[in-house]
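Visitor: Those protein sequence lines, which keep their order, are chains S and V.
Position 84 of the first sequence, counted from 1, bears residue number 84 in my numbering, the numbering being contiguous throughout.
Position 221 of the second sequence, counted from 1, bears residue number 221 in my numbering, the numbering being contiguous throughout.
None of these hints come from the bench; they were simulated from the model.
None of these values were measured; they are calculated from a predicted model.
From the three backbone atoms N, C-alpha and C, an ideal C-beta is built for every residue, glycine too.
Worth double-checking, as some hints may not be accurate.
Said to hold, decoys possible - Selected chain V positions facing chain S (Cβ under 7 Å, derived; list incomplete):
1. 4
2. 202
3. 204
Here is what each chain is made of, one letter per residue.
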Amino acid sequence: GRPRVVVLDYGFGNVRSAVRALERVGADVELTADRDAAAEAHGLVVPGVGAFAACMEGLRAVRGDQVVDRRLAGGRPVLGICVGMQVMFDAGVEHGVRAEGLGEWRGVVEHLDAPVVPHMGWSGVDAASGSTLFRGVEDERFYFVHSYGAQTFAQGHDEAADPRYTPPRVTWAEHGPDGGAVRFVAAVEDGPLSATQFHPEKSGDAGATLLENWVRSL
Amino acid sequence: MTVAVRVIPCLDVDAGRVVKGVNFENLRDAGDPVELAARYDAEGADEVTFLDVSASSGNRETMVDVVRRTADQVFVPLTVGGGVRSTDDVDRLLRAGADKVGVNTAAIARPELVAEIADRFGNQVLTLSVDARRVTGEVTTPSGYEVTTHGGRRGTGIDAVEWAERAAGLGAGEILLNSMDADGTTGGFDLEMLRAVRERVTVPLIASGGAGTPEHFVEAARAGADAVLAASVFHFGALTVGQVKDAMRAAGVVVR
Chain S
1 GRPRVVVLDY GFGNVRSAVR ALERVGADVE LTADRDAAAE AHGLVVPGVG
51 AFAACMEGLR AVRGDQVVDR RLAGGRPVLG ICVGMQVMFD AGVEHGVRAE
101 GLGEWRGVVE HLDAPVVPHM GWSGVDAASG STLFRGVEDE RFYFVHSYGA
151 QTFAQGHDEA ADPRYTPPRV TWAEHGPDGG AVRFVAAVED GPLSATQFHP
201 EKSGDAGATL LENWVRSL
Chain V
1 MTVAVRVIPC LDVDAGRVVK GVNFENLRDA GDPVELAARY DAEGADEVTF
51 LDVSASSGNR ETMVDVVRRT ADQVFVPLTV GGGVRSTDDV DRLLRAGADK
101 VGVNTAAIAR PELVAEIADR FGNQVLTLSV DARRVTGEVT TPSGYEVTTH
151 GGRRGTGIDA VEWAERAAGL GAGEILLNSM DADGTTGGFD LEMLRAVRER
201 VTVPLIASGG AGTPEHFVEA ARAGADAVLA ASVFHFGALT VGQVKDAMRA
251 AGVVVR
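For reference, chain S alone in the conformation it holds in the complex (with noise of 0.2 Å):
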């Protein structure tokens, strides 16, 4: 049967793009905040536009942080869109103010230093070599608007001496004149957990096929 894609609905998020998004690609999606659907879900996707301490303090106010955890910890898919790509790391600052993320990734979400913030239209990536979401789109455009961004990526060592980890998949992007554009974390692959700071389901035809590829890997 079609995979069943949770979109969780908590008051942050383009959602209804998200949903018709996933559900043009095969998804069979539900649009909730319940925790059970969540949990149970093939895939849960966590959307988020606007502030990263407004989006932790919706995600908490509907659980959805234990909800994601939960998922993790059971090996469960999980994919984070934009500021829900940001809230997965370890804190977010803001206008001077650090608010705490998920902290699945090591890292600091902070301004992106260019003449031009905020990064907003269709930009190219270096797709991680592997990389199962961008698999037949790795030289297409996608479309960002963001003004913060994760600009460094650090992997655990404790994680990295175990035999059996296996190492995240990190997509870049570069944002800003050629020769000084300041660089960020465009996607994620790591185990159960995927995120984009991109909008696929804003981003046409490529964002479709991304979605596509993470709705087949459920």
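On the provided structure of chain S, position chain V as indicated by the hints.
Guide: Below, chain V without anything else, positioned relative to chain S:
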């Protein structure tokens, strides 16, 4: 890997129908904004903008329905402007599926509206539209451009460049700079005004008003526009989005 310069067709919508003429082949219904938005998407538009020109509140409700149906079928960003006066108006459009909301006159009357929207939804949802023209006669402004209302018929005496800079500071995520002098002339964008605003704002800048040939889009990009918006050249079939992008690409402008 520079961000591509966006090409944005704009549709005027009233009572759920596109009101300016539209000349596309193989179009079932040339007045349906949903069908037209899908057509522009298929042609390679990087975003689509709807301008709600409704005079009545009943028609504004119809617009919400149009946005909803468009978001169900079109998978590139959708901006909706016209008649947005409050954060509740913004909320309604975003919930319906708009990605960005254009604010114009209401922000001139009450600039705090810009900050209120940015605080509640983030600055990335807010496109501030500035309808500007060269000052003539007795009115003077530091930049030589003033903000107008009522489709360019009324001057405000507010300096257009200063207003754009102030709005960006208040939380506008991008500036849509519409030249009321060039609008409808097909004689090209007001490049001088574009450069003047570009020097002062660090948020994305959309050039609007005056597009007639593919070269005009190239000139706007070279003058510092992050995006170029046009209505009539696309509606009447004078140019396709593809033709514009081909010309931009040939001239070395980065496009999708």
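Visitor: Work down the list of hints and note, for each, if the structure agrees.
Guide: Now the hints, each set against the structure:
A least Cβ separation of about 5 Å between residue 4(V) and chain S falls short of the 7 Å threshold, and the interface hint therefore holds. A cut of 7 Å between beta carbons decides the hint on residue 202(V): the least distance to chain S is about 6 Å, and the hint holds. Interface restraint check: residue 204(V) against chain S, minimum CB-CB distance 5 Å, threshold 7 Å, status holds.
Checked against the numbered hints given earlier, the structure satisfies every one of them.
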